[in-house]
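Chains as they are written, first to last, in numbering that gives the first Met the number 0: chain A, 0 to 264; chain B, 0 to 354.
No wet-lab data here; the hints were simulated from the structure. Note that beta-carbon positions come from the ideal geometry of N, C-alpha and C, so glycine has one too. Some hints could be false.
Claimed, not checked - Every beta carbon over 10 Å from chain A, so not counted as near; a handful from chain B, in silico: (1) Asp124; (2) Met125; (3) Gln161; (4) Asp188; (5) Ala190; (6) Asp239; (7) Lys260; (8) Ser333.
Claimed, not checked - Listed below are several chain A residues computed to face chain B (Cβ distance under 10 Å; list not exhaustive): (9) Leu4; (10) Gly91; (11) Leu94.
What the hints assert, rightly or not - Coverage of chain A stretches by chain B, computed from C-beta distances (three or more under 8 Å per stretch; other residues unrestricted): (12) 8 to 22; (13) 97 to 110; (14) 247 to 260.
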Amino acid sequence: MKKYLALTKVGILEKLNFRGSIYINLIGNLIYLIVTYYLWKAVYMSVETGTVNGMSFYDTMIYLVLAATISMIMGSRVVWWMGMDYQSGQVGIDLLKPMNYLVYWFFFESGEYIVSIITLFIPTFCIVYVLTKGMIVLGVNIIFFVISLILSILINYFIDFIVGILCFYTQSIWGINIMKEVVVALLSGARIPLVFFPVVLRNLCKYLPFQYIYNTPLTIILSHNCKLTEYMHLLLIQIVWVIITGILAALVWKNSKKLITVNGG
Amino acid sequence: MEPIIVVKDIRKEFKVANRHEGLCGSIRDLFFREYKVVQAVNGVSMEILPGEIVGYLGPNGAGKSTTIKMMTGILEPTSGSITVNGIVPYKNRVKNAQNIGVVFGQRTQLRWALPAIESFKLLKDMYRISDKEYKENLELLNCILGKEELLQCTVRQMSLGQRILCDIMASFLHNPSIVFLDEPTIGLDVAMKARIREMIKVLNKEKNTTVILTTHDMGDVDALCQRAVIIDKGNVLYDDSIENLRRYFGAYRALRLNLFKDISKVTQEQLEKIKNDLEEEIAKKTFQRPSITVESKEKEVCILIDEDKISTMEIINCIQEKYRIYDLSINDISTENVIKKIYAGETNEEILSID
Chain A
0 MKKYLALTKV GILEKLNFRG SIYINLIGNL IYLIVTYYLW KAVYMSVETG
50 TVNGMSFYDT MIYLVLAATI SMIMGSRVVW WMGMDYQSGQ VGIDLLKPMN
100 YLVYWFFFES GEYIVSIITL FIPTFCIVYV LTKGMIVLGV NIIFFVISLI
150 LSILINYFID FIVGILCFYT QSIWGINIMK EVVVALLSGA RIPLVFFPVV
200 LRNLCKYLPF QYIYNTPLTI ILSHNCKLTE YMHLLLIQIV WVIITGILAA
250 LVWKNSKKLI TVNGG
Chain B
0 MEPIIVVKDI RKEFKVANRH EGLCGSIRDL FFREYKVVQA VNGVSMEILP
50 GEIVGYLGPN GAGKSTTIKM MTGILEPTSG SITVNGIVPY KNRVKNAQNI
100 GVVFGQRTQL RWALPAIESF KLLKDMYRIS DKEYKENLEL LNCILGKEEL
150 LQCTVRQMSL GQRILCDIMA SFLHNPSIVF LDEPTIGLDV AMKARIREMI
200 KVLNKEKNTT VILTTHDMGD VDALCQRAVI IDKGNVLYDD SIENLRRYFG
250 AYRALRLNLF KDISKVTQEQ LEKIKNDLEE EIAKKTFQRP SITVESKEKE
300 VCILIDEDKI STMEIINCIQ EKYRIYDLSI NDISTENVIK KIYAGETNEE
350 ILSID
């Protein structure tokens, strides 16, 4: 385990080295939130009841703000790193490490996850919590939220890894990654809460892994007083998806080993 | 002694898209893509003993790096078998990685944005190096290099030479039994090259590490290797000791003579005459025409002598009887020259022209 935690540590060190990017991320997130605020304000002004699909303006805003922040934690960095390392041939160096490739990248990323949770998620959450004055009820759900967030990160990582391996086949990153980002952003409920979706699409999403990245942890943190079994149920579905995407990622990796060409001298 | 690396008849094929030229060609490639199979390595076999320093040589694109990538386990050979330390590298990449160190001169395994020491600490945990071993190795490396403060520098701010020094240090940290150095001296100045050679030599002696060295610098080969394996177009051309390499085309010596007091006044005709004269003279004396060739170059007379057949002294004596020698030099044919000839695919006859 120690050898993996060493990677986490280096990841944190590297992230902290570029403090400029941390500030810029914060500002970027803020701008996105302002846009979202006015967009949804306009949506809610057009309805008279003050709720759409059972969500008030503030419900929607809290949901979207937190979703945006979680999406900053996830990023698509793994896809970029893997793709770029493959193009440049640096993948050879990664493969010379006495570590499983799938696990290696996760722990390299883990430093980034930790830094973004501390520098982005926690401050944003505190601000939202104070501003909304009691709309978020904290209790036992915070524990389930933390577990759920870790599971989300895993699902997201495995999907990124699979997409990263796809880059090995196509030798290009941009198009594939943009497609993945759009699909995930839409079908996960990161940009529009899932309750706004038509029933058909919502049902379809149940059978895709994406909503379990954003929707599940957000549902848990925003829930008021769910029963323990309900939380367990949500987490169980996430765990099933972690296993499915994890196995898929491992299989894709196993099969692509033969195809690997390490570019350059 | 049991060989530490056994490579048996490995081949590696790459499927490469056969791209057409120009815009039209590129659009055509979007729909119909043809592939061709490129043979990068074509039946290479070798055995390497523990503690050897082997120069793995060949012109650009010969398949050197591909072979090394297969031996390190990051590429799978199309056919053939490899065992490194008894492990099949591509089947057991992670286990193999624990026993080997690799430096690709054109890449780095150090973390770009951090001081080198942080990468070293990472490697320490990654390879599970004990505190004692780590300390000893760092001390040894600092002893050789005497540059402790270098490790505190951020890698991306280092010069190429400093970075490669650190990379080589890093590859020896976990006491690997084999180290692969792929062009470690590429783009370095003379002083840095000398230090890197020194370092490799000491580490090889101290730890009995097997070193496989790819390089285009024959200085590296002369300074370090006892044995050379030369490949081209995926085939092994030569696999033997360096001494034998120099004698690959016979034990040749090059003799350069200046037979004129004032060299600037010499004409080409004069030279030709002397050349023919000498050829005749030597042939008469020694009855060994094919073992020497005479040439005139830059107003000097050059004679290439096969020492297995006739001694250089005999030739000099023979010339001295007729001419006065103002200046003379005797040179071995350099490894570089021999290799150049091998790369160029020249035959025994052609090497007889002197540089």
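To see whether the hints hold, each was checked on the structure:
1. Not every CB of chain A is more than 10 Å from the CB of Asp124 (chain B) (nearest about 3 Å), against its label as outside the interface.
2. Not every CB of chain A lies more than 10 Å from the CB of Met125 (chain B), the least distance being 5 Å, so the non-interface label is violated.
3. Listed as outside the interface, Gln161 (chain B) is consistent with that label: its C-beta sits roughly 18 Å from the nearest C-beta of chain A, beyond the 10 Å cut-off.
4. Asp188 (chain B), annotated as away from the interface, keeps every beta carbon of chain A farther than 10 Å; the closest lies near 21 Å.
5. The claim that Ala190 (chain B) lies off the interface holds: its Cβ sits roughly 24 Å from the closest Cβ of chain A, which is beyond the 10 Å cut-off.
6. The claim that Asp239 (chain B) lies off the interface holds: its Cβ sits roughly 26 Å from the closest Cβ of chain A, which is beyond the 10 Å cut-off.
7. Distance to chain A confirms Lys260 (chain B) as a non-interface residue, since its nearest Cβ pair spans about 52 Å, more than 10 Å.
8. Its beta-carbon lying about 25 Å from the closest one in chain A, Ser333 (chain B) satisfies the requirement of being farther than 10 Å from that chain.
9. A least Cβ separation of about 8 Å between Leu4 (chain A) and chain B falls short of the 10 Å threshold, and the interface hint therefore holds.
10. With a least beta-carbon distance of about 5 Å to chain B, the hint placing Gly91 (chain A) at the interface is held under the 10 Å criterion.
11. Annotation: interface hint on Leu94 (chain A) holds; nearest CB of chain B at approximately 4 Å, less than 10 Å.
12. With 6 residues having a beta carbon nearer than 8 Å to a beta carbon of chain B, the segment 8 to 22 of chain A meets the requirement of three or more and the stated coverage holds.
13. For the segment 97 to 110 of chain A, the stated coverage by chain B is satisfied: 3 residues place a CB nearer than 8 Å to a CB of that chain, which reaches the threshold of 3.
14. With 4 residues having a beta carbon nearer than 8 Å to a beta carbon of chain B, the segment 247 to 260 of chain A meets the requirement of three or more and the stated coverage holds.
Violated hints for the displayed structure, listed by number in ascending order: 1, 2.
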